[in-house]
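**Student:** Residue-level listing of the chains:
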Amino acid sequence: MAQRKMTVTVTVDGVRYEEEVEPRLLLVHLLRDRLGKTGTPIGCDTGNCGACTVMLDGRSAKSCSVLAVQADGSEILTVEGLASGDEWHPLQRAFHEEHALQCGYCTPGMIMASLDLLQVNPDPDDTEIREGLEGNLCRCTGYANIVRAVRRAAAESREVSGA
Amino acid sequence: MIPATFDYVRPSTLGEAAAALAEAGEDAKVLAGGQSLLPLLRLRLAYPSVLVDLGRVAELRGIEDRGDRLHIGAMTTHDEVVNSPLVNEHCPLLARATATVADPAIRHRGTFGGSLSHADPAGDLPSVALALDAEFRLASAAGERTVPAADFFADYLTTALEPDEILTGVSVPKLGPDWGCHYEKFHRTAQAWAIVGVAAAVRHSGGAVVEARIALTNMGATPVRAHAVESALAGVPLNGSGAGVREAALRADEGTNPPSDADAGADYRRHLAKVLTRRAVIAATSG
Ligand SMILES: Cc1cc2nc3c(=O)[nH]c(=O)nc-3n(C[C@H](O)[C@H](O)[C@H](O)COP(=O)(O)OP(=O)(O)OC[C@H]3O[C@@H](n4cnc5c(N)ncnc54)[C@H](O)[C@@H]3O)c2cc1C
Ligand code: FES
Ligand code: FES
Numbered sequence: 022m023a024q025r026k027m028t029v030t031v032t033v034d035g036v037r038y039e040e041e042v043e044p045r046l047l048l049v050h051l052l053r054d055r056l057g058k059t060g061t062p063i064g065c066d067t068g069n070c071g072a073c074t075v076m077l078d079g080r081s082a083k084s085c086s087v088l089a090v091q092a093d094g095s096e097i098l099t100v101e102g103l104a105s106g107d108e109w110h111p112l113q114r115a116f117h118e119e120h121a122l123q124c125g126y127c128t129p130g131m132i133m134a135s136l137d138l139l140q141v142n143p144d145p146d147d148t149e150i151r152e153g154l155e156g157n158l159c160r161c162t163g164y165a166n167i168v169r170a171v172r173r174a175a176a177e178s179r180e181v182s183g184a
Numbered sequence: 004m005i006p007a008t009f010d011y012v013r014p015s016t017l018g019e020a021a022a023a024l025a026e027a028g029e030d031a032k033v034l035a036g037g038q039s040l041l042p043l044l045r046l047r048l049a050y051p052s053v054l055v056d057l058g059r060v061a062e063l064r065g066i067e068d069r070g071d072r073l074h075i076g077a078m079t080t081h082d083e084v085v086n087s088p089l090v091n092e093h094c095p096l097l098a099r100a101t102a103t104v105a106d107p108a109i110r111h112r113g114t115f116g117g118s119l120s121h122a123d124p125a126g127d128l129p130s131v132a133l134a135l136d137a138e139f140r141l142a143s144a145a146g147e148r149t150v151p152a153a154d155f156f157a158d159y160l161t162t163a164l165e166p167d168e169i170l171t172g173v174s175v176p177k178l179g180p181d182w183g184c185h186y187e188k189f190h191r192t193a194q195a196w197a198i199v200g201v202a203a204a205v206r207h208s209g210g211a212v213v214e215a216r217i218a219l220t221n222m223g224a225t226p227v228r229a230h231a232v233e234s235a236l237a238g239v240p241l242n243g244s245g246a247g248v249r250e251a252a253l254r255a256d257e258g259t260n261p262p263s264d265a266d267a268g269a270d271y272r273r274h275l276a277k278v279l280t281r282r283a284v285i286a287a288t289s290g
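Sequences listed follow chains A and G, in order.
Residue numbers in the first sequence follow this note's numbering, run continuously in steps of one, and reach 184 at the last position.
Residue numbers in the second sequence follow this note's numbering, run continuously in steps of one, and reach 290 at the last position.
Incorrect hints may appear among the rest.
[As the list claims (entries may be wrong)] Covered by chain G, according to a simulated footprint, are these stretches of chain A (three or more residues, beta-carbon under 8 Å):
id, region
1, 35 to 45
2, 67 to 73
3, 81 to 88
4, 134 to 147
5, 173 to 181
It should be emphasised that the hints constitute simulated quantities derived from the structure, not laboratory data.
No residue lacks a Cβ here, since even glycine has one placed at the ideal position from N, Cα and C.
Based on the sequences and whatever the hints tell you, model everything.
**Tutor:** The structure is reproduced here in structure tokens:
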């Protein structure tokens, strides 16, 4: 019943992949090392930093704390799947315009965690933004511009959807 | 780091899961949300030979109304607990404490049963389960049994679960409208474990306490029930100077054995337990 290698099927940023993996392979390693999705970085061994955050079946998850075999059959969205063609996602644009990054290491995770937050709460106040991003650490910015960027992206998205 | 190798089993029923665990022997481990176990594997602090993944065992997930109690499946995620109308109506203490656990991404995957089985003394949910006198349902290939919260938490990271047993769910009593509750968690940074936490449920009527259930997080190797505070609170008036509540709360560290670590010394934890208990009782009984 137990097995050394397993086939997993995942859809990542709209593309279906079938990969043979060892059970110990982490989802983040599947994304980076096997599928070339290096837009999702790894920042820690403990599940603290949030750099590796992706959307797993529609909700944020830390891809370093999920086994690839657990994600079998799932739909995954990484930061690389956000833009449509040449057009950045409102969150990507807002992070750029509000200067919400310096080294950029935390940015993919910040953006994916913000995406999760805005889908539950399209009009968060600053406290709600900070709580929504509490699982994502940034060593550079001091967070103020990140909060501003999320507020801006939220406002833009609400305008677009006519809310 | 990359975890050491292990075999992986993905059952779809509880029966299959129990059989897999029995077959795999002592070095096997159950995988729930993985939010504590995967970091341990990555740090190579755990070397299970087999992981039995409960992620697809649908019967272990969900919250059910069972008359005067709620039954919460072990694989119910923190996020599902926080957003459950049943839990918010009948057991708001659990919803509020769970909302303070970790961060949103971890709450999407981490489970109620995983937190209780992991039994970290700094975990927020074991003390809530203890305060509520929750009943734990355990199953193995050999059969099922029920263990009360007071007997489930045995020692540091150690529970009544045998290596071949699975926690299938927990039942908690519904608390009526005359109960107020609050979880008071003290930590210094966002997304951090409690330095000390206090779970309080207080039944009050006519401006006085009728009965109280208080349990403490991170004041010993296991969650601790603050029995001395509970008996001192009975009959204490809630309006006026608040002296009765203050005095009762001063007994919060009785019978505790708090750790000294990088976050706080044992003395400071004793102090915190008293202050936070007072705050928790006041918050539970106002509004
Ligand atoms: C950065 C970070 C911050 C955190 N902060 C907090 C916090 O503030 N408060 C808090 O309470 N928790 C915190 N946690 C822990 C979090 O609550 C985890 O979700 C929880 O401890 C484990 O649940 P899990 O479902 O992920 O279990 P897993 O990691 O899958 O399993 C944990 C352990 O329990 C065993 N187990 C799991 N389910 C069962 C079962 N049904 N039957 C038998 N054994 C079982 C496993 O074998 C393993 O030994 C934090 C975790 C991280 C990574
Ligand atoms: S890499 Fe730090 S949380 Fe995943
Ligand atoms: S921009 Fe450098 S860590 Fe956030």
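**Student:** Now tell me if each hint is right for this structure.
**Tutor:** Consistency of the hints with the structure:
1. 35 to 45: Coverage by chain G holds here, the residue count being 3 at a Cβ distance below 8 Å.
2. 67 to 73: holds (count 4)
3. 81 to 88: holds (count 7)
4. 134 to 147: The restraint on the region 134 to 147 of chain A holds, since 3 of its residues have a Cβ under 8 Å from chain G and three suffice.
5. 173 to 181: violated (count 0)
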